[in-house]
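Participant: Chains as they are written, first to last, in my numbering: chain G, 1 to 485; chain H, 1 to 443.
No lab work stands behind these hints: they were computed from the structure. Where hints are given, some of them may not hold.
DSS-like mimics (lysine-lysine), calculated; alpha carbons at most 27 Å apart, straight line [to be verified]: (1) 37/H x 379/G; (2) 283/H x 321/H; (3) 352/G x 263/G; (4) 159/G x 154/H; (5) 294/G x 37/H; (6) 379/G x 193/G; (7) 67/H x 283/H; (8) 397/H x 309/G; (9) 296/G x 263/G; (10) 284/H x 248/H; (11) 159/G x 263/G; (12) 22/G x 167/G; (13) 241/G x 294/G; (14) 167/G x 154/H; (15) 308/G x 61/H; (16) 154/H x 284/H; (17) 37/H x 263/G; (18) 379/G x 35/H; (19) 303/H x 22/G; (20) 321/H x 159/G; (21) 461/G x 447/G; (22) 393/H x 308/G; (23) 37/H x 296/G; (24) 303/H x 468/G; (25) 167/G x 152/H; (26) 447/G x 396/G; (27) 20/G x 248/H; (28) 296/G x 159/G; (29) 308/G x 241/G; (30) 22/G x 397/H; (31) 447/G x 436/G; (32) 263/G x 35/H.
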Amino acid sequence: MKELQGTSGLIFNEPLLWEKGKKGRSGFSMPRRDVVPSPLDERLVGDGPDFPDLSEVDVTRHYTRLSQWNFGVDTGMYPLGSCTMKYNPKINEREASLPGFAGAHPLLPQELSQGTLELMYLLEEYLAEITGMDAVTLQPAAGAHGELAGMLLMQAYHKSGGSNRSKIIVPDTAHGTNPASAALCGFQPVAIKSGEDGIIPAEIIAALMDEETAGIMITNPNTLGLFEENIRRIAEIVHSKGGLVYGDGANMNAVMGIVQMGKIGFDIMHLNLHKTFSTPHGGGGPGSGPVCVKSKLEPFLPVPRVIKKGNEYLLSGDFPESIGKLQAFYGNFGVMIKACSYIMSMGSDGLKRASQLAVLNANYIKESLRDVLYLPYDKECMHECVFSDKLQETQKITTLDMAKRLMDYGFHPPTIYFPLVVHGAMMIEPTETESKEDIDRFIQALKDITAEAGENPDLLKTAPVRPKLRRLDETTAARKPHLAE
Amino acid sequence: MRYLPHTEEDIISMLRAVDAETIDDLFSMIPEDCKTKGSLNLPEAMTEWELNAFMDNLAEKMAVSPKYKVFIGAGSYNHYIPESVSYLLGRSEFSTAYTPYQPEISQGTLQAIYEYQTLVTRLLGMEVANASMYDGASALAEALLMAARVTKRKKVAISGLIHPHYRDVVRTYLEPGDYEIVELPRLENGKTDISAVAGMDDCAAVAIQSPNFFGCIEDIRETGEIAHESGALLILSFTEPLAYGLFKNPGCQGTDIVCGEGQSFGIPQSFGGPGLGMFACRKKHVRDMPGRLVGKTTDMDGKAGFVLTLATREQHIRREKAKSNICTNNSLCALASAMYMASVGGTGMRELACLNYDKAEYLKRALREAGFEIPFDSPTFNEFVVNFGEGFKERYKKLMEELIIAGIPLDSWYPDLSGHYLLCVTETIGRAEMDNLIKGVRA
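Full structure from sequences and hints, please.
Facilitator: The structure is reproduced here in structure tokens:
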């Protein structure tokens, strides 16, 4: 086998925390005791937590070794479809850790928190411009939290108009969070099938939309990586029956500066700052899921809201129709700083360029792999493309096998088995921050893997062999859950 | 642009490969009337140093330690974060990874989260903890929904001494689903009056916070007994996990679900977020629990390892029938707190908790001696209520000019407590600074 990018370096086995250390050690610089001990009712006193005692060196080696078992964007290409694993600029980390931001108490008197409030106000303005919407809340903690906020807004809007609508239309290409968020608000999701070309036909919406239906949840571009071409017509139909159009902005990275969703019929839209706006995913959070709305929905946004009076920024809770609060304070401010820094570093032209190159990269991969992988929707894609394992079926090779083998080649696998409408889906989103050389290497890796599927399928069946661990037994993990020591 | 690696030459050859002449051709499937004309109205791109200057200027407008002495807790606490924690957390193998869907190359995150789950169960005295939620407030809302699923009841009783913002979030989550929320009043000693629960036979959960919003330690065991008699679960919320370094944990006192904010453990205050929703329950309820879980297993060669597990509760499989719509956790914050708990250690956690308690007691005593009323006589941890009197607002403003923030007024949440302030002291406040505060409030 020729030399691959992935290799096995010297990495260490590392036991669990409590198999290390010795009683009496500490990795913490304990402050000097400058007050006398005070008595306390013994009945209230506990034993103290059963934690290991470790030195700073123990802790540092432990987590350094653990980190070496992980694959991140900084390690290599991470083409996880619908997750927008773009490069996370380092300058943004510096801004977020400025003591004035990182050390700010959320309940400081407002005259002493003008810096954080101004930043939030600015970010709201930028996001409103990027989406073509009128107002923004930064409070939701993640995309799914933004969806929940969006559904609550939809419900509050209909209630204030005196109508009680129970249904909501959700296409089968939607993220699983969409129906789950809708259900949490008591809406009954009505699933619809996208057309043969992967696009929602306006006629289906016309047939379904009625005055019992609150609206529709649409991901645009959708999870097949296709632009919903009928969106204006669909929005007209939904609006004509008094409904609202909700946009899942998970795929906004395809259209920054190219489409403003607020101007083509969307009423509500959430963004993922951790996808489109380059903040690190953190191994699964913290994210941030701002919600952008048209003015008719502004009265219902979560409180408190940042407002500007003269040159002063204030937090106002004076919005009687608001859906209320979604988090203890104002949202994931630490994440907002990074997203705001990204927008200011990129500017209008930079953001548009990012989307253009994201789309170019995805189309380049699609065209380069079409001979070796099956393309269920063969048309121009946006920022991601979806293949399947149909051509490998006769070799009894699955998407999972190919994904696992990619690890041996030094790549993070794409999103697999999603969207559900494609059997054996493999959803590739390279993002704009991957260079042509890296993408060419990725393409070559998949070509080699599909060749291996014919010549030596065992290489795929037993993959991966190079990471610290091989395939794990997920069935036993779920049958006999072992969730803590 | 430094994050965009494409050269003109790359672009030309890639366009040729996809059979397009210009980049705009790639967007031809977007109807013309959907496309934005002209460019977005955003400020011109900044260089790194321009951005630094801009952000430095904003950050400098903030009143933060050490310049300011901030005696506010109320759900966000200023604890010292070891440099090693910040440094290790910056390792980008952790921060630039996504949810560990591919366990073979995510064992770092997975083992760390498994260790976090274990540390949380030990801290709270519970059997199972999840991989974390968004924050303490949304964790409480999810806990109430979980209790409703377990008991199949739609009424919940929540203490009026739970953080007012948490109660707001609970209302946001529960009201659309036709749940009934009963708010429990307070006793004169600063604890919750749970007598109303005794008569309820349709209650899914009783939720209290300990230490509560006034800093007082609640009677957890007694509350649990009353809740259980009526078939309800006991939910314990918290905003200050360090208290369990000293006080009895909720698990050993009959709590069914424990949920709270873990920001105190190694997470910067950051104007209130991101935080860390810690969430733990009894083993028998694990399949009704929201959020991600990491479990131990083995690989093909029999080596021990970790995977995400029990995903059949989750939205990406169950869609509208999921236990919660939550998709990810606050993984990096959970990691920070695990690093913090590991750094402080068992022995250190007790010592640090004692120090917080003793400092707050010092300040409490000194204020009492200075003639101020401490209205609630129940034991507290590192924060408590003091009655500075009706006319204190002016003095409070004056102290701000002297770079002291003398707690937070309670009257916007509790109109009957005008002149009352909630004060907090952690290990980051020295005795001299407390003496200064006392001098200031007396003047």
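Participant: Now tell me, hint by hint, if it's right for this structure.
Facilitator: Verification of the supplied hints:
{"no.": "1", "hint": "37/H x 379/G", "verdict": "holds (25 Å)"}
{"no.": "2", "hint": "283/H x 321/H", "verdict": "holds (22 Å)"}
{"no.": "3", "hint": "352/G x 263/G", "verdict": "holds (17 Å)"}
{"no.": "4", "hint": "159/G x 154/H", "verdict": "holds (22 Å)"}
{"no.": "5", "hint": "294/G x 37/H", "verdict": "holds (20 Å)"}
{"no.": "6", "hint": "379/G x 193/G", "verdict": "holds (19 Å)"}
{"no.": "7", "hint": "67/H x 283/H", "verdict": "violated (47 Å)"}
{"no.": "8", "hint": "397/H x 309/G", "verdict": "holds (21 Å)"}
{"no.": "9", "hint": "296/G x 263/G", "verdict": "holds (14 Å)"}
{"no.": "10", "hint": "284/H x 248/H", "verdict": "holds (23 Å)"}
{"no.": "11", "hint": "159/G x 263/G", "verdict": "holds (25 Å)"}
{"no.": "12", "hint": "22/G x 167/G", "verdict": "violated (59 Å)"}
{"no.": "13", "hint": "241/G x 294/G", "verdict": "holds (18 Å)"}
{"no.": "14", "hint": "167/G x 154/H", "verdict": "holds (22 Å)"}
{"no.": "15", "hint": "308/G x 61/H", "verdict": "holds (16 Å)"}
{"no.": "16", "hint": "154/H x 284/H", "verdict": "holds (20 Å)"}
{"no.": "17", "hint": "37/H x 263/G", "verdict": "holds (11 Å)"}
{"no.": "18", "hint": "379/G x 35/H", "verdict": "holds (19 Å)"}
{"no.": "19", "hint": "303/H x 22/G", "verdict": "holds (26 Å)"}
{"no.": "20", "hint": "321/H x 159/G", "verdict": "holds (24 Å)"}
{"no.": "21", "hint": "461/G x 447/G", "verdict": "holds (17 Å)"}
{"no.": "22", "hint": "393/H x 308/G", "verdict": "holds (24 Å)"}
{"no.": "23", "hint": "37/H x 296/G", "verdict": "holds (24 Å)"}
{"no.": "24", "hint": "303/H x 468/G", "verdict": "holds (10 Å)"}
{"no.": "25", "hint": "167/G x 152/H", "verdict": "holds (23 Å)"}
{"no.": "26", "hint": "447/G x 396/G", "verdict": "holds (17 Å)"}
{"no.": "27", "hint": "20/G x 248/H", "verdict": "holds (26 Å)"}
{"no.": "28", "hint": "296/G x 159/G", "verdict": "holds (13 Å)"}
{"no.": "29", "hint": "308/G x 241/G", "verdict": "violated (36 Å)"}
{"no.": "30", "hint": "22/G x 397/H", "verdict": "violated (49 Å)"}
{"no.": "31", "hint": "447/G x 436/G", "verdict": "holds (16 Å)"}
{"no.": "32", "hint": "263/G x 35/H", "verdict": "holds (9 Å)"}
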